[in-house]
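Participant: Sequences listed follow chains A and B, in order.
Under the numbering used here, residues 1 to 629 are what the first sequence spells out, in order.
Under the numbering used here, residues 1 to 629 are what the second sequence spells out, in order.
Some hints here could point you the wrong way.
Repeated chains share a single entry, so a pair holds when one copy, or any two copies, can fit it.
Claimed, not checked - With a Cα cut of at most 30 Å, we get these calculated DSSO-like pairs of lysine-lysine:
1) LYS215 / LYS89
2) LYS89 / LYS579
3) LYS615 / LYS71
4) LYS617 / LYS579
The hints are simulated quantities; they were obtained by calculation from the structure and are not laboratory data.
Number of protein chains: 2
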Amino acid sequence: MLIAIAQMEITPGRPDLNAAKMLRIIEQCRHTNIHLLLFPEMSIPGYLLGDTWEQPAFLRDCEYWGNQVVKASGNLCIMFGNVGVDWQKTNDDGRVRKYNAFFAAQNGVLLRSDGFPYPFRIKTLQPNYREFDDDRHFCSLRKLAQEMRLPAENLLLPLSISVDGRTLQVGCLLCEDGWSDDYALKPVPILSQNGPIDLFINLSCSPFTLGKNNKRHRVFSRMARDAAAPLIYVNNIGIQNNGKTIYTFDGCSTAYGINGETLLHCQPFSEQLCSISLEELIHPSPSSQVAVPNDIGIDSIFDCLEFGVRRFLQQTGLTKIVVGVSGGIDSAVAAALYAHVLGPENLLLINMPSRFNSSTTINLAHRLATNLGCRCVDIPIGESVELTLRQMESAGLALSPFMQENVQARDRSSRILAAAAAAFGGAFTCNANKSELTVGYCTLYGDESGFLAALADLWKHQVYALGHYMNQRIYAAEIIPADVFSIVPSAELSAEQDVDAGKGDPLIYPYHDYLFRSFVERWQRATPEDLLQWYINGTLEENIGCEPGLPSRLFPSVSDFISDLERWWRLYTGMGVAKRIQAPPVLAVSRRAFGFDHREAQNPIHFTQNYLQLKEKLISQQNGGVPHV
Amino acid sequence: MLIAIAQMEITPGRPDLNAAKMLRIIEQCRHTNIHLLLFPEMSIPGYLLGDTWEQPAFLRDCEYWGNQVVKASGNLCIMFGNVGVDWQKTNDDGRVRKYNAFFAAQNGVLLRSDGFPYPFRIKTLQPNYREFDDDRHFCSLRKLAQEMRLPAENLLLPLSISVDGRTLQVGCLLCEDGWSDDYALKPVPILSQNGPIDLFINLSCSPFTLGKNNKRHRVFSRMARDAAAPLIYVNNIGIQNNGKTIYTFDGCSTAYGINGETLLHCQPFSEQLCSISLEELIHPSPSSQVAVPNDIGIDSIFDCLEFGVRRFLQQTGLTKIVVGVSGGIDSAVAAALYAHVLGPENLLLINMPSRFNSSTTINLAHRLATNLGCRCVDIPIGESVELTLRQMESAGLALSPFMQENVQARDRSSRILAAAAAAFGGAFTCNANKSELTVGYCTLYGDESGFLAALADLWKHQVYALGHYMNQRIYAAEIIPADVFSIVPSAELSAEQDVDAGKGDPLIYPYHDYLFRSFVERWQRATPEDLLQWYINGTLEENIGCEPGLPSRLFPSVSDFISDLERWWRLYTGMGVAKRIQAPPVLAVSRRAFGFDHREAQNPIHFTQNYLQLKEKLISQQNGGVPHV
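Please put together the full structure from these sequences, using the hints given.
Facilitator: Next up, the structure:
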């Protein structure tokens, strides 16, 4: 009995296109020896659609296209994800009842079984963390069971299918149903008890996160072994977004044997139709195990970004891109990435010097362009900035040096890059990294603008690593000049930021990258209270992951440590939030990207009582001559 | 027995400030004859905090401040909202278990009763629509009951309190628990059955929405009457936000008698400490009924905006504001609103003419400034726009007339207003309305920029109405010149938008305002499929609310109707989304504001199969000479 995994690319919000692709795959499989054909979760509508779920016409359309797929099933048994609508019931919001549903069809009809109220199965565990909003739109099996006054266990029943002369009991799972470690209710062992189950099938729509596949292999492999049943994980590829945050879907669909062996692994970020026999899953030969690629390295980050940028350009119809290049690392890495995706002929690099830009960085920008084979033009900002200062002065408005820095940044992006991008027939990039975005070390309508912030989920040290990786592996040449890596990072907006004098950003990336990461990415978010406690306990480095001894070298006294901590915490929870509200969409890589993934309110800055008390104690000890711990 | 309602202002994310205020109110009540003192839902932490709930230190801080309030209770019985943490359990996301909780305290300790697992009560119904994300952070009573393998009814128990020598059974409700119409589980009748209940108390944190109080009075009054028990609704005032969308909280706390009479109604948008006796609630005299203000009119919109703008300025520390004034209605209304809030001396109006601006509108802008008593300066954009065109040309980049329109818009906002605002010591406003924001009829980094889009939840006709209202009621003078209302709305960015020739926006507001509202604000969202069906059924006007007969006057043929419909649908679901992602925060007024309230993905444009089939049929009928319906 042969099972095919259709690791297809899903176009979110386009049931017509997705169904058409599924119909093509079904036709392709019809005259093979495939018996069971699996599509991902929400393969008809896509998953991250915002409030499009509130359009009844869209739901009818999903049903229509789902029916076309069912009708086409023929002798194949097909399984796919779609929204399941119960037009007779409502959700808690008063809108029609919707389920995130698992459909199985054969011979033109849906397969159903006694004891379950619908001709489809329902997602049991619905994620409501990070980018996920399942409870906003869908009624879970848990909620349905409560409504029916039944234990949820009673609804977790296998689906009986007849394929290739055999009757199989299938455990139907949707994505989160397999990630049950944090839930009291665990669908796989319950299905096993209600079973026995011949095969678990997990239809997923699971976004890429650095290192997630490694974890998934541990979790799902153990799950198959514990259940002593094969488990097939079917994921889609493509990009989907919540507006502010764009996710890539890497596929990496996998078949696990009854002992948890990995017997089939689809390529990341690639459409594939792979097959494996049920017999091999049940009686795996040791030689048929396949290695699982590691997904924690800079190569995985590059693959995610390269795929995400390519797809986002395709989806928005962009074929030409303008990149402002300063000679610094962020814009160099952005230019190298886009040149690789679009071809150098479709890029226009623009260097926009002012009197504060050194010939060092100007020359680096030009060398980068030459190396990439991109056209590069110089459009200086001096004349326009002078005009702005003059016009302000005439109106009695005096601009401080700091204000003049922002004038320069806005002049570059909103005046030059936006106009140049329109004339070039495309858009311009936002080259911001996560470190500066965390604390708003960027100018709104200036360098914090653009159609996409492709690097804004990378800490500064990851941007450097990505630059090295592209030089070594993608271009196999020093495309990004070595000096771009070695000069001091600087905005070059004033004489105080003169790179030739070694002056630059106020951020000490080898420390602040890790401090900021603890604010944003820790599952249990760190705050000044935690950080100060770790500092005095001597466990700061192990908790945030920076180089041992670095904090005490940077901050000779506890008050130095505290003033740095408070400075950045104020910016992260204050002006940084205001700026992120108007930031471009961020391409997600990490376990927590800015935007819809990390939700935030523009609220007053707060320090906890514990923090304030600890701080007061430490400062008074310091001032009293008692050495700090 | 006297009950006090503390309709307090809550500062979101500042448990220290909120607790300090509660402690002051407790002190104030201690030496009065008040027995029971009620604070709103989440009165310690605030409610819309984004993912701050993921910081364990913040949760500890909320507990700390909650304990301070409990300790201060003394002989008062106090009830308040706070996060309830169970440090031994986890939520489904693996983080610590959190409840949206109702605390009652007396004599320095929490009041608890047998049969309930916590020393606080828990929200039963958690909203997950519009701006609400309750399931993301909190475990509901429904979920807890399922975990405990109990019917939820078993946990909906009255709280027994002893006050003024009496024992009362209190039905403890949190906000949505009272809005149970769309839920299968209805806490009030269940509590009554488990009761009898002497008094229902609903602690709320309920944002203002136009017309919501009218509905709430109907729902809550009926609820009290059906339960034959008094019901007290305690709401906070203030502003809270989700980043992209800012909500005002109007208070309007109300006490309902046992027959549903309104016996006490606190003022909207005002801190108040009101009291009423239990006896009056149980035996209301007909003369003690109070009138409930209508909240559907333009006066309510003004009150919401005036309060929201004032508080947002206070919270962000802004005391000076720059408004770009064009002579059109949007900027005139914005200027009049901010001048009222801040005083004219704290406003700087800037007119930024180009060669396309008529003397008509330039003069109107100056008359507005004179009427308001604001300083107004002219900063023309011609020289800078010319410089940009020249620089682009030198770089071989040709700008089309349409591109040159955007250059002007960006020059005004990002070059002039942003610099002027910094020099003036404040921020600049975004004057966009909801009609243009819906379809992206605005320029990113141009007129779609600013620190706050205060009018962006008003349709164009509401902006006009607000202008008239301010002239008549707020200023009692023609502050906004009559001609501002009568000239054709226009961006004046090209000769094609010459107001003196009667040329202006492509939007026909008396129709498109209502078309767009049906896309955005209908609970069951309208799409081209619905709209085309209504059009041919002759029910379009009644469904969308525009003037009868207007659509057929505007669109002589069905293909005219369709091409207009598709044009705006494409912009609403296409470029409009991309632009809104980077838009300023919107102050919410309606039942659906852009931002976090209306969540959206930047996805490909879609038309349903039903729509396409209907369209094809109608077009072929039209072309075949069959008259359209």
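Participant: Please name the hints from earlier in the document that this structure breaks, with their numbers sorted from lowest to highest.
Facilitator: Structure breaks hints 2, 4.
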